[in-house]
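Peer 1: The chain contents come next:
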Amino acid sequence: MYLSELTALPGVSGNENAVRAYIKKRMEPLCDRIEIDSMGNMMCFKKGTGNTGKTLMLCAHMDEVGLIVSRITEEGFLKFKTVGGIDPRVLVSKRVLIGEEGLPGVIGRKAIHLLTPEERKKAPKVKELYVDFGAKNKKEAEKYVTVGDYIVFDSAYREFGDSLVKTKALDDRVGCGALMELAQEPCTWDICFAFTVQEETGLRGARLCARRVKPDLAVVLEGTTCSDIPGTNSNMVSTRLGGGAAISFVDGTTSFNRQLVSWLYRLGEENQIPVQYKQTATGGNDAGIIHVSAGGILVISISVPARYIHSPSSVISLQDYKAVKDLTKVLMQEVDYADNIENIM
Amino acid sequence: MLTILKTLCETSAAPGNEGAIAKLIAEEVRPYVDEVYTDALGNLIAHKKGTGKKLMFAAHMDEIGLVATCYGEKGQVYVAALGGVTPQTALYQRVRFSGGAEGVLVPDGKLDDIAKNLSLQKMYVDLGAKNEEDAKAKVALGETGVFGGCFALQGDCVISKALDNRSGCAALIYGLQQAKRNVNDLYYVFTVSEELGLRGAKAAAVSIAPDYAVALDVTPTGDVSSTNKRAVSLGEGVAVKIMDRSFIAHPIIKDRMVELCEKHSIPHQLEVLEMGGTDAGAIHLTCGGVPSGCISIPVRYVHTPGEMISAKDLQNAGELAKLLIEEGIE
Amino acid sequence: MKKELIHLAAADGISGFEFSLTEAVKKLMKPYCDSVEADTMGNVIGHIPSENPTAKSVMLEAHIDGIGLMVSGISEEGFLSFVPVGGVDSAVLPGAEVWVYGNEQLFGVIGMKPPHLQTSGRDAAVPIDELVIDVGLSGEEVRNKVKVGDMVCFAESVKALSGKVLSGKSFDDRAGLISLLLCLKALKGKKLPFHLYVVAAVQEEVGLRGAAMVSERLAPDCAFVVDVCHGDTPDGGSESIFKLGSGAVISFGPNIHPYLSSLAKTVAKKEKIKVSYDADGGDTGTDAWAVQVAGMGIPVLLLSIPLRYMHTTVETLHFDDVKAVGDLLSAMLLNLDLEALGCTFQN
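Chains as they are written, first to last, in my numbering: chain F, 1 to 345; chain A, 1 to 330; chain D, 1 to 347.
Bound conformation, chain F alone (with noise of 0.2 Å):
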């Protein structure tokens, strides 16, 4: 299983050159072509078995949330903007490695002591925040970084509790591991295997994929939200970990054809492989941009549920993993499916 490896891959938006190395060596033998567009998007080409002229084109993203330096102090600290979502409660104290080299630094603030009643109740902003890697001045610091360095989570990769998993980053290497394991499986479709960037800054690099290879069919595997922890009303659970694999009906980018949406949740039943909907219409992913791109793109959206996302503690079940996983394989079986989308001419 690649989980633990990719996981542990800086691939921070706009800097996945780490995640895409790894994955690039392990698909090149079990696909027929890779092309990298310029934006640094992978597609791993693979032929289908059925010539069909038809292609699927399967999607995870590479890169996480994290932070880039944009100024040194003359102290020596760095001040920081997030990259992606990042709500900045979570930064507080937290151990950080910064650019290509990997130098280990903390997210530091004030002292609770030394906080205002006022300051302690209110959240952290992001330009209160620094990187403090040990620099006694700017000098020093800029011995070893410079503004646009990328820094990234650094938290283990750790099986704990009923098979969980916590680490950062497992949105969206779920989508990318589970994109490797599958690449053996058959379909009659060609296929390509797309590893996308810069989703979490916009959805930016899927629409390129999107336009290059205008797929028939796209399935985007992602990591979610998981919000079922005590105190959220039950009609505000996303997802439930250990509910099996996450169909998206609809959410804040993207509303998936009906006719395709009940046909996955049937495939999974059918193959008792645990299946829930997402049930919140919030949220998005690159089935967003997919669908409106290249003249309109059939998508559907298979997601790994992921309590704490875009923290650099998210943590998910190994055994949603494997639904998602399941599912797709058998959407690959069973792909010819999609040409029967109700056409009402």
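If you're looking for bench data, these hints aren't it; they were derived computationally from the structure.
Any given hint could be a false lead.
Within a straight-line C-alpha distance of at most 16 Å, the following computed EDC-like cross-link-like pairs (lysine to aspartate or glutamate) qualify [as the list claims (entries may be wrong)]:
1. F:K329 <-> F:E100
2. D:K243 <-> D:D129
3. A:K23 <-> A:E35
4. A:K53 <-> A:D185
5. A:K229 <-> D:E130
6. F:K127 <-> D:E239
7. D:K265 <-> F:E142
8. F:K125 <-> D:E239
9. D:K147 <-> A:D255
10. A:K229 <-> D:E76
11. D:K147 <-> A:E262
12. F:K24 <-> F:E5
13. F:K79 <-> D:E239
14. F:K214 <-> A:D39
15. F:K143 <-> F:E185
16. F:K143 <-> F:D132
17. A:K229 <-> D:D320
18. D:K164 <-> D:E51
19. D:K147 <-> A:E259
Mind docking chains A and D on chain F? Use the hints.
Peer 2: Just chains A and D now, kept in the frame of chain F:
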């Protein structure tokens, strides 16, 4: 035109679920065009061949609506908005799901407690279901619904839900049916999911690659006390759009529209909208830039069950569409 | 080029109404380009072809639209109500002098009700819909001359402050265009191994629209966007703020191709061009954001000129910064290796 408008308004088409209305419109337009087809997203595209430049008309078929997201133990159906649903307007409205189930959107708790930060999350649809199982039998998760609001005609005034944008659809259907000739190579596109962010138009424009585009949509008026002051009033004519948040009308299109209105004495008004967007906004950015404009039908109380338009304005919009088809854009 | 900047920054042309600038921009580009064309949207594109017709291509881009106002209604008495076009700070509006482009060009002032009559009180910012443009004519005369949708521009020229500091209304982003011209001037007569397009794009202030259109159509192999960034002021803080006169600002981050930002750094060092660095976690808020994902994707670099009081009638900059951007651009083009750029992500 009011007959077709009534039929269109009474057909449900939540964003992403426009199949039924697309079928209806397809039958209306088929005799007047060379081919009719749908794309992967469900956009209905009717092609009428012409020798001139490629002109795309776009009228969106969808209306704001809801989607069932989960059940409560007592048979509640929780929903999320599809498009610009304001909670204050939505409360206690009738909801009709695509499978036929009817319900009422009610507060989840005491109204006084939730009124301050009213949101759809604090409401559910009461189907009269006995329990969760009963609710499941009536409405499936992911099923879409639309609000009630029956069609009424009172003098010049039309009141109905979904006048946004069945008025635009009706005006385009009228224009293409009445036109006796055409210059441009015409694509009449009845788009999907406009209310979710101009999604259908964006995709359709790329596959059609038009030289010019004209959207037909409604525009809010400024003639009642509850609205911002705007120059557009009900009954004062079809509105020629100058600008909204999604695009700035190109002189080629807006000047041509004004010219045709003046030449044929069609009452018209100029529209500057500080917010809002329409399909033209998505289309004009595609294909390296598409000069675009919009025929607007003034509407009061947009996105409520009691949207209100003037039948005369609608007629004028239909006439302008017809003239654009007949006399074309060079 | 300072003279050209002063002239251009004072010219009227807001988003969607750039046609009034087309001729002036064409004239500025002509001395340095083999051909200059305007497209239907008003984007002006200059072309300097390579001797090798199958060579790759590079785009230099700045936007020419400025922020402004648009007439949205005419009162019985002839006062004009208006809406902003682009991100206008409404604080600058009371008392501002404007040109209204009706059938003829009318001078007007933006008036507000006396403070004691305002609904929101003295301490609140004046809502834009409580302001009017007064062109001093009767209702009937105004209706004959002005229509809903007419362009309104700030009546403001460029003034020199102390030293090389200039102040005017549309340095954002006419100063960017001037730096592109400075680059072309420096390259005149030099043979480049790629086609060069220089683009003055429309409608940036309303959503990066012109750049999205042009870059999809031209599909260059790489692009350089020049825009303004925030200059230092006593009240502006220190994050992503740059001293006037401190040179060109090189951007880093997901929006920027790493080969290009790193080349900019190296070239600036070698050529001793004054630069600072800035980083954004995603959207740079400039045309670079649209260019990056146009067509099949375009590697892009953003260079910025520090500017105080952005989106007001007194935008203020240091001319040396405009020059520094031009110098950096021309030096980069002479050192640009498109093959190496293309290989960035291949391994």
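Peer 1: Decide, hint by hint, whether the structure agrees.
Peer 2: Comparing the hints with the structure gives:
{"no.": "1", "hint": "F:K329 <-> F:E100", "verdict": "36 Å, violated"}
{"no.": "2", "hint": "D:K243 <-> D:D129", "verdict": "36 Å, violated"}
{"no.": "3", "hint": "A:K23 <-> A:E35", "verdict": "14 Å, holds"}
{"no.": "4", "hint": "A:K53 <-> A:D185", "verdict": "6 Å, holds"}
{"no.": "5", "hint": "A:K229 <-> D:E130", "verdict": "10 Å, holds"}
{"no.": "6", "hint": "F:K127 <-> D:E239", "verdict": "8 Å, holds"}
{"no.": "7", "hint": "D:K265 <-> F:E142", "verdict": "14 Å, holds"}
{"no.": "8", "hint": "F:K125 <-> D:E239", "verdict": "13 Å, holds"}
{"no.": "9", "hint": "D:K147 <-> A:D255", "verdict": "13 Å, holds"}
{"no.": "10", "hint": "A:K229 <-> D:E76", "verdict": "13 Å, holds"}
{"no.": "11", "hint": "D:K147 <-> A:E262", "verdict": "15 Å, holds"}
{"no.": "12", "hint": "F:K24 <-> F:E5", "verdict": "14 Å, holds"}
{"no.": "13", "hint": "F:K79 <-> D:E239", "verdict": "8 Å, holds"}
{"no.": "14", "hint": "F:K214 <-> A:D39", "verdict": "14 Å, holds"}
{"no.": "15", "hint": "F:K143 <-> F:E185", "verdict": "48 Å, violated"}
{"no.": "16", "hint": "F:K143 <-> F:D132", "verdict": "15 Å, holds"}
{"no.": "17", "hint": "A:K229 <-> D:D320", "verdict": "46 Å, violated"}
{"no.": "18", "hint": "D:K164 <-> D:E51", "verdict": "39 Å, violated"}
{"no.": "19", "hint": "D:K147 <-> A:E259", "verdict": "15 Å, holds"}
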